[in-house]
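A.B. asks: One letter stands for each residue in the lines below.
There are 2 protein chains.
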Amino acid sequence: MNAVEQSVRSPERTSENAPAAPAEPTRAGRSIEARLVERLLSLLGNPAIEFLLWTGERVSGRPGEKVQQLHIKDRSTLFTLFKDSQVGFGDAYSDGRVTVEGDLVAFLETVYESMPRGSAEQSLLRRFMSRRRGPRANTLEGSRENIHRHYDIGNEFYALWLGRTMSYTCGYYPTVSASLDEAQLAKMHHVCRKLQLQPGQRVVEAGCGWGTLGLHMARHYGVKVRAFNISHEQIVFARARAMAEGLASQVEYVEDDYRNITGTYDAFVSVGMLEHVGVENYPELGRIANQSLLRRGRGLIHSIGRNHAAPLHAWIERRIFPGAYPPSLAEMMKIFEPWDLSVLDVENLRLHYAKTLRHWLALYEAASERVKNMFDEKFVRMWRLYLAGSVAGFTTGTLQLFQVVFAPPDNNDIPLTRAHLYQG
Amino acid sequence: MNAVEQSVRSPERTSENAPAAPAEPTRAGRSIEARLVERLLSLLGNPAIEFLLWTGERVSGRPGEKVQQLHIKDRSTLFTLFKDSQVGFGDAYSDGRVTVEGDLVAFLETVYESMPRGSAEQSLLRRFMSRRRGPRANTLEGSRENIHRHYDIGNEFYALWLGRTMSYTCGYYPTVSASLDEAQLAKMHHVCRKLQLQPGQRVVEAGCGWGTLGLHMARHYGVKVRAFNISHEQIVFARARAMAEGLASQVEYVEDDYRNITGTYDAFVSVGMLEHVGVENYPELGRIANQSLLRRGRGLIHSIGRNHAAPLHAWIERRIFPGAYPPSLAEMMKIFEPWDLSVLDVENLRLHYAKTLRHWLALYEAASERVKNMFDEKFVRMWRLYLAGSVAGFTTGTLQLFQVVFAPPDNNDIPLTRAHLYQG
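Respectively, the protein sequence lines represent chains C and D.
The numbering of the first sequence is the working numbering, which starts it at 30 and goes up by one.
The numbering of the second sequence is the working numbering, which starts it at 30 and goes up by one.
For the record, the hints were derived by calculation from the structure and aren't laboratory data.
Be aware that one or more of the hints could be misleading.
Just so you know, same-sequence chains aren't split out, so a pair can sit in one copy or run between any two.
Unchecked claim - SDA-like cross-link-like pairs, simulated, lysine to any residue; straight-line CA separation at most 25 Å: (1) K95 - R324; (2) K363 - E142; (3) K253 - Y197; (4) K112 - E142.
My request is simple: use the sequences and hints to build the entire structure.
C.D. replies: Right under this line is the structure:
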């Protein structure tokens, strides 16, 4: 047990469930609570934020132009933050035991920016604890349960804030002023151009969300698509869309795991599924991609990533995305290298995801009353924190978005340059 | 010792220095030599080539439209090929004990294409042997000796076939019909655009060859450059060029190792040095890049690479590039990940290097009489094989060319898209 752990544990045990009485001043004129906050701020790299305690005490990190303010409602909440800065903060925020004055994104950016590089946002204690618990396994059954918990919340809920395309992945902004729907449309064209789709070709999609990309490929590029997904709600939605749009003969939605993909195709595409695959399954995903591709085939995998291997934010993994993990580029190579697949292009779209998430967050806030009626206030705050924290993750470089194009090693039928992606 | 090794070793010992007498027919009507060739062809994946032995015997792999012919001059040469297909073939070709009928590049492509994917062009025996010998270490002193052996052969020699730019790295062909000099010029602009160079900025270059890129950056982008290189011949040449072109005040050439780079810069660039760094030194190279870059800085590393970790062709490493190693992308990540550097863009220019090498090879062949006068016939054949083999490596996907753009993790002053690379 290290010094930090000791300094937390002892007061917690004695003060459990104590009433929110004024804190006892110490020798230095500061309460034990205030000194704990100082320690917490120090672990966070001393960001320009101010803790306002239930006692009325204020404790600040470094001075800054805009000092963000955090309200802590009671003593046990403070101890929770100290014990587990990730899950503790997330749960306390959701419950309203912690509130943030002003802009939540700006507050989280301030915290993320101040943290020592490579610290992976973990308190020493959390780091110690997280060794004992990894993300939930993505076996065939585990994946189904993990995916169900996030994506089967209800299509109506997602429709409130994903925009007209129902694309739940990073958009592509050709210009800074593009709208969300424009960015999602441009993303799909960007992906299709990277895949060099030609009319009559066959595409397999691993993880197809609400089916948007498959329909887009069929409509604009004249290809036939088989799209796999294990979210029942999404498959039902996607099939209905294909029928309504007269594309059911071109796009087949298969309610099954990517590991059960069969057949050969001109293109393999997976946008936003890799986060749910688990590094231990990357060689298997690569095997599927490799066996799916004809010699002149092309593939694209689009995923949230990291600059270096690090666990997903523990609260996000526990409350929002069970089993999820954003890989480093080196980890992603475990997909391609065992099969001698050739990486042709990697594009980091980090700032595009920050913009996408800001658009989602704005729509979400506008619909928050409806979300509250669907669920409850705690749910509203939980998803607000998830979306705002994700914006901050991408703007501060804690999270990346990698779009990787690949092909069999001897496919020389590839464009000499990438200029074709930027024409018209 | 495995079966292959045994089957090679025994005949070799008994037949050493034996005269090239007609081979003794076996029960099957085939000589021992012919059966050895069949085994060799089988290990190579049975390519559409024909061995013509000193005895007049012919042994072919699979039938093909254009069967390439290989002449073997004597029995000991055949055994050498069998014992070590990489170094043995290279040395025998250099000595003229093996000759190839027709186009050498096409012959090598036929062999490379037929080899089982991931086999890394190694006979079983060679694979066994290579475990005992890695590339020569790239310590400060080892690097100096390794670099001296390749780059200090003589500027006059390289000037015969590198074209006017004296760029000894992969060019960039905006169109298939671009000339070598146009491609080298376009490559430098492509690199500078990826680095977003602005007038007045400072650039550090790790491994600068004959100084071409440094002069280009200063002339066309108005930046100040410090360029490091441990090849004495190249530094002398580069300084003379900077003087002659009136750029000596903007470009400083430093005869020193990249590990001794100091100061901070707007951009870090290294084109074609990583092959000589050694994977064990990648974190150190990353440390240098990281400490060199200002917060708004950008970096670019351009290197020959692989689809998966594999040793360099043993003959190339021994005779042409001592200490060299082309990394996989996962290995390259050892440069960036320890320092939380963010990979923004990876472009695979494999087919551009095939084109560049074809241009070099044509100029080299045109100058072969002069090369012979400078050195000797063996040297001419040795470098012909190196250039032709490199073309085949890139066209068949055995070799890759990765151009990686990176930046500190919180540099948000980066272009939203890559469209700016393709304008004008």
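A.B. asks: For every hint, state whether the structure bears it out.
C.D. replies: Comparing the hints with the structure gives:
In this assembly of identical chains, K95 and R324 lie within 25 Å of each other by CA distance solely across copies; the values are 21 Å between and 56 Å within a copy. In this assembly of identical chains, the alpha carbons of K363 and E142 lie at most 25 Å apart only when taken from different copies (24 Å versus 30 Å within one copy). For the identical chains of this complex, K253 and Y197 are intra-copy neighbours only, at 22 Å inside a copy versus 45 Å across copies, given an alpha-carbon limit of 25 Å. For the homomeric pair K112 and E142, the shortest alpha-carbon distance inside one copy (21 Å) is at most 25 Å, but the shortest distance between copies (58 Å) is not.
Of the numbered hints stated above, none is contradicted by the structure.
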